[in-house]
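> So the chains spell out like this:
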Amino acid sequence: MQFRHKIAGGDFGKAGNAASSVKKILRQLNIDHSISKRIVIALYEGEVNVVAHAYSGIIDADIDDTKIKITITDKGPGIADIEQAMQEGYSTATPQVREMGFGAGMGLSNMKKNSDSMKISSIPGDGTTVELITFLKSDAR
Amino acid sequence: MDFHHALFVDNDLCIGCTHCMTICPTQAIRVRNGKAIILANRCVDCGECYKACPVSAIGVEQDDLEMIFKYPVRVILIPSVLIGQFPRKIMTSGIYNALKDIGFTHIYEVENTVDMVLEAGKQYMHEHKIRPLISSYCPAIVRLIQVKYPSLVGNIMKVNPPIDMSAMYYREKLKSSGIPQDEIGLFYATPCAAKIAAVKSPVGEVESAVTGVININFLYNRILNYLQRKYTETEPPQTDDLLSSKGILWSLTRGELVHSNGRALAIDGIKNVNEFLENIENEKFDNIDFLELRACDESCAGGILISGNRFLTVERLKNRAAEYKARENDKTRKPLDGFLNLNEHGFLGNIEPRPMGKLDEDLSAALKKMERKRRLMCYLPGFDCAGCGAPDCQTLAEDIVQGDAQVSHCIFLQQQMTSQNLLSQEQAVRITGNIWGKERLEKNCNKLGAEDENN
Ligand code: SF4
Ligand code: SF4
Numbered sequence: 001m002q003f004r005h006k007i008a009g010g011d012f013g014k015a016g017n018a019a020s021s022v023k024k025i026l027r028q029l030n031i032d033h034s035i036s037k038r039i040v041i042a043l044y045e046g047e048v049n050v051v052a053h054a055y056s057g058i059i060d061a062d063i064d065d066t067k068i069k070i071t072i073t074d075k076g077p078g079i080a081d082i083e084q085a086m087q088e089g090y091s092t093a094t095p096q097v098r099e100m101g102f103g104a105g106m107g108l109s110n111m112k113k114n115s116d117s118m119k120i121s122s123i124p125g126d127g128t129t130v131e132l133i134t135f136l137k138s139d140a141r
Numbered sequence: 001m002d003f004h005h006a007l008f009v010d011n012d013l014c015i016g017c018t019h020c021m022t023i024c025p026t027q028a029i030r031v032r033n034g035k036a037i038i039l040a041n042r043c044v045d046c047g048e049c050y051k052a053c054p055v056s057a058i059g060v061e062q063d064d065l066e067m068i069f070k071y072p073v074r075v076i077l078i079p080s081v082l083i084g085q086f087p088r089k090i091m092t093s094g095i096y097n098a099l100k101d102i103g104f105t106h107i108y109e110v111e112n113t114v115d116m117v118l119e120a121g122k123q124y125m126h127e128h129k130i131r132p133l134i135s136s137y138c139p140a141i142v143r144l145i146q147v148k149y150p151s152l153v154g155n156i157m158k159v160n161p162p163i164d165m166s167a168m169y170y171r172e173k174l175k176s177s178g179i180p181q182d183e184i185g186l187f188y189a190t191p192c193a194a195k196i197a198a199v200k201s202p203v204g205e206v207e208s209a210v211t212g213v214i215n216i217n218f219l220y221n222r223i224l225n226y227l228q229r230k231y232t233e234t235e236p237p238q239t240d241d242l243l244s245s246k247g248i249l250w251s252l253t254r255g256e257l258v259h260s261n262g263r264a265l266a267i268d269g270i271k272n273v274n275e276f277l278e279n280i281e282n283e284k285f286d287n288i289d290f291l292e293l294r295a296c297d298e299s300c301a302g303g304i305l306i307s308g309n310r311f312l313t314v315e316r317l318k319n320r321a322a323e324y325k326a327r328e329n330d331k332t333r334k335p336l337d338g339f340l341n342l343n344e345h346g347f348l349g350n351i352e353p354r355p356m357g358k359l360d361e362d363l364s365a366a367l368k369k370m371e372r373k374r375r376l377m378c379y380l381p382g383f384d385c386a387g388c389g390a391p392d393c394q395t396l397a398e399d400i401v402q403g404d405a406q407v408s409h410c411i412f413l414q415q416q417m418t419s420q421n422l423l424s425q426e427q428a429v430r431i432t433g434n435i436w437g438k439e440r441l442e443k444n445c446n447k448l449g450a451e452d453e454n455n
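Chains E and Y, in that order, are what the protein sequence lines are.
Quick note, the first sequence lines up with residues 1 to 141 if you use this note's numbering.
Quick note, the second sequence lines up with residues 1 to 455 if you use this note's numbering.
To be clear, the hints were calculated from the coordinates, so they are not data collected in a lab.
Yeah, the Cβ is synthetic: ideal placement off N, Cα and C, and Gly gets one too.
Just to be clear, a hint being listed does not mean it is correct.
[To be verified] Below, a list of computed lysine to aspartate or glutamate pairs in the EDC-like style, where the Cα atoms sit at most 20 Å apart: (1) K14/E / D286/Y; (2) K368/Y / D60/E; (3) K113/E / D392/Y; (4) K24/E / D399/Y; (5) K358/Y / E88/E; (6) K14/E / E352/Y; (7) K358/Y / D64/E; (8) K69/E / E371/Y; (9) K175/Y / E344/Y; (10) K368/Y / D32/E; (11) K24/E / D81/E; (12) K37/E / D64/E; (13) K284/Y / E88/E; (14) K358/Y / E371/Y; (15) K24/E / E127/Y; (16) K37/E / E352/Y; (17) K67/E / D392/Y; (18) K358/Y / D62/E; (19) K24/E / D392/Y; (20) K24/E / E283/Y; (21) K112/E / E283/Y; (22) K368/Y / E88/E.
[Said to hold, decoys possible] Listed below are several chain Y residues computed to face chain E (Cβ distance under 10 Å; list not exhaustive): (23) E283; (24) G308; (25) E398; (26) G403; (27) V407; (28) I411.
This is chain Y alone, in the form it adopts within the complex (with noise of 0.2 Å):
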């Protein structure tokens, strides 16, 4: 089964440098002729691949904005991180005029359902007994636990995560107004590709209730244009009347701990999540009710299409939660309307472990291929210098017991196979040029810290 996923590498761009692949939390990418190629049966989409690339190689998919305009009522559902990223004397109608002016007729902000999410996760944890529950939040932490922590997958909290529960909550509310549901388009401003991936083919339900993606990095460009050449400073802010504090703060680091009984952690960056969640499969902590994993450094204001400072981000909404915080007593505030049910909408249904790195079903089979690549392990020289095109020495030994590499891919042992006469120069050449490409052997003065490295 092939697993959808927004980041591509743009073949005329990369240069097969490695950056990517040494980096890569799931050893998910390969060179092969002098490009990068990403394995989608390993790849989670949390965009490490990205930050990496010294020469933005590394593509988002997005849908076309043109598609909105096949919709009458076109609804844009943004994330408190959009607006988060502009100086707070820019006003929130600002912004929301720009959107206005892109072409949405309806904008709605993500962390709206928040409170639902809240309840949901509360009757969730009351009705299952394993513990610690991982936060279904992050979709690249979800994907994370099904292809490395396979054992953990029963850990994932099954509850819808805000942008699901806010694009039905939206699609019904519209339709109950009186507009047929083939006329609304639901688009989210997203600020990762795992968010894409999660719309495109999701985990746990059959189909979003999302239209489209748009990708924030688009629309910070937009918008800021759009400012710059309408905005005045005498708007009035214009308020989301359904936004909370509690919502502003959701997608920050400790955003969903904070409300959670018992003892919980929030964890963030891929890096770290990846080093607990390795202790947790082993039970060495024990007493953890729920856990908070995001992939991002400072969680999604450190989404990879997040254009704006992390920290400055962090820091606008923090304030915006306080001024939120202090209109909530104000009880002119509306609550939800009750489109949505909590036991038909609140919930994710089964989520599949699907363990990557599995030498073969057959358990015989598969530990025969474990004993040659220890055996090659001893061969090969350990220093992980990625040179094969496989991002270390253990990897290239799996792929070469898979049948997808060779010995000689190693440039070591290729050497000395050369020296042994079992392997001849042209052979060796030819090899170097299937990983690295022909041009790289060829002088090429165009590469940075080179003779022309501007041109």
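Chain E with its partners taken away, still in its complex shape (with noise of 0.2 Å):
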């Protein structure tokens, strides 16, 4: 099954709307608490990440009886250096974004805590793609 929702960058009061659309459909889908809270919660730092970073962005969830796989394509300056953007604490947020306690530079680590797999792709003044899978049932990993 496939869900899309779209996001405008610097839009932060919608951030999180499309988490909340995920997290209806996997308590309807009765998926086990524990694992749809990593899921919500990764893919609300997804969105966090296109309001602050991009101009705008696309979620692609798909949904299968094993795993979710949730695409995150923003048109944004993209970035230069994926490894360091991945540290926790790294961070390119401007002051302003970082004092409403966005941008804190736990984004792309603490997806990657909260997912079962994740590939980025960016290029540079172009955009980044981010691809998160989590399997649905504990006994699947």
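Join these two chains into a complex; the hints should help.
The following block contains the structure:
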């Protein structure tokens, strides 16, 4: 099953809407709370990243009976050094954005922590794509 | 498994108006045969439906007062919001005497044990690292989390609320004075339906120490009646030796919060709580240690069984607390005797999540249903008119995939189906009748705004 959500860059008030919709779906699918919690946290981080750094983005979630694959594609500055960006505490957020509690540099590493596999690719000056996969049953991992 | 609920629909009064259905925070109501029905696995006993009903068709069950006379010792545990409803010039002694006149032999205030609740809370916070911890005080909130935010069940602070702590305390205390256990009837004057449900089907404990519940609005009328007949303003004020200013304010908004350590927030009103928990579940807000969440606006002063104005109730309780505060330094105040042991009596057992709205236990089956639901939503009009007997289009779509409703229940799709001869006129009339009741389609001038509205 496919699910798509569009994100506008800079609209902090709406960050979390996609995570909430996916959460509702996972609840109706009777996914274990500890698993859906991880998915929702990772997705929320992803949304915040797009809102804070990119101009626009699209979230695609694909759910089948073993896993959820979330692809977050944004148009934005991209990431020059992914390895560096993966480090906890690394952030390019402006001071204003940080003051609101976003962009503390937990984003990517937190997403990795809360998913079973994560792939990032980025073209500086063009945008970033993050693919998150999480298995839906605790014994499938 | 069935869950006990204190709210019910009185079919003789219900006019099937949908007010309760559209306001319910857990989509627990449907209309069938012209009457509202409450779905037991979704209802959290918050009472929003009770407040919304224009004809008072939502009832709150209560134990028969006669039942108290089965016990030689008849204890009434009163929450401070009972006292807060009466104007200040009425001394508490008048209220106490009225309760004795009604038939109670012992009167205690529920909030006498808040120091123990606090102690248990501190210990719990120390032993559990999970944050934010959510107060277990309001049973409607505990139930809301169980059904709607199952992933937060582990955040509930499993500490016995004052009502249970006090019921256990007084039971032990009376027993120790030589009264046999089965001669003690412990009754709770409840401000809301949620507390009744909590006594009748406790979450996280095997059996409640409370024998029965008496609704506060019932007592309020009886007390007023007594005061009119017997009250003299010369009665000396009665003070409860164990009560503290802390206890008096406990059931009000911020009543718990002011004593908590770390960063804490207090939120009242179920709509506000819902919005906030949604964000907490996403971990949008970080670094919060404690949440005091209450289903009612102005917390228990706004309970559905409180007849007095909630804002005045809050004001009076604040004044009462100030008076008690003044005498708290007075060393003659008795401390709580040691009838309870924190480890034995202070904590709740396991609280189970019971998520509502799951489409199927089996993931592949649930996925199929979800796909069907989403396809259905492409056809349903999406403006949530409730004409189908469900609160909104999404809920109808879910009911359809679960086999509890049909596509033809939607009045718009039904019209289309009749125009395409997929459904006969008679069938359509029958379907509408099944939802809204046969009489709905007949002339009736007794309704509000019609020719004979007052007849
Ligand atoms: S009490 Fe609350 S949850 Fe129960 S049916 Fe009424 S509005 Fe819904
Ligand atoms: S806030 Fe108080 S009165 Fe309202 S439901 Fe909760 S416990 Fe009952």
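> If a hint holds in the structure, say so; if it doesn't, say that too.
We went through each hint and held it up to the structure:
1. K14/E / D286/Y: With a Cα-Cα distance of about 17 Å, the restraint between K14/E and D286/Y holds, given a limit of 20 Å.
2. K368/Y / D60/E: 19 Å, holds
3. K113/E / D392/Y: Roughly 37 Å separates the two Cα atoms, so the pair is violated.
4. K24/E / D399/Y: Distance of about 16 Å is within 20 Å: holds.
5. K358/Y / E88/E: With a Cα-Cα distance of about 36 Å, the restraint between K358/Y and E88/E is violated, given a limit of 20 Å.
6. K14/E / E352/Y: Roughly 32 Å between the alpha carbons, so the hint for K14/E and E352/Y is violated.
7. K358/Y / D64/E: 16 Å, holds
8. K69/E / E371/Y: Distance of about 17 Å is within 20 Å: holds.
9. K175/Y / E344/Y: 17 Å, holds
10. K368/Y / D32/E: 18 Å, holds
11. K24/E / D81/E: Roughly 35 Å separates the two Cα atoms, so the pair is violated.
12. K37/E / D64/E: 18 Å, holds
13. K284/Y / E88/E: Between K284/Y and E88/E the Cα gap is close to 18 Å, so the pair holds against 20 Å.
14. K358/Y / E371/Y: Holds: K358/Y and E371/Y sit about 14 Å apart, inside 20 Å.
15. K24/E / E127/Y: Measuring from Cα to Cα gives roughly 32 Å; hence the hint is violated.
16. K37/E / E352/Y: Holds, at roughly 17 Å.
17. K67/E / D392/Y: Not satisfied, since the Cα-Cα distance of roughly 30 Å exceeds 20 Å.
18. K358/Y / D62/E: 19 Å, holds
19. K24/E / D392/Y: 16 Å, holds
20. K24/E / E283/Y: Holds, because 15 Å separates the two Cα atoms, which is no more than 20 Å.
21. K112/E / E283/Y: Measuring from Cα to Cα gives roughly 16 Å; hence the hint holds.
22. K368/Y / E88/E: 39 Å, violated
23. E283: 5 Å, holds
24. G308: 38 Å, violated
25. E398: 8 Å, holds
26. G403: 15 Å, violated
27. V407: For V407/Y, the interface hint is violated, since the closest Cβ of chain E sits about 19 Å away, which is over 10 Å.
28. I411: Interface hint status for I411/Y: violated (25 Å vs cutoff 10 Å).
The structure fails hints 3, 5, 6, 11, 15, 17, 22, 24, 26, 27, 28 (numbered hints given earlier, in ascending order).
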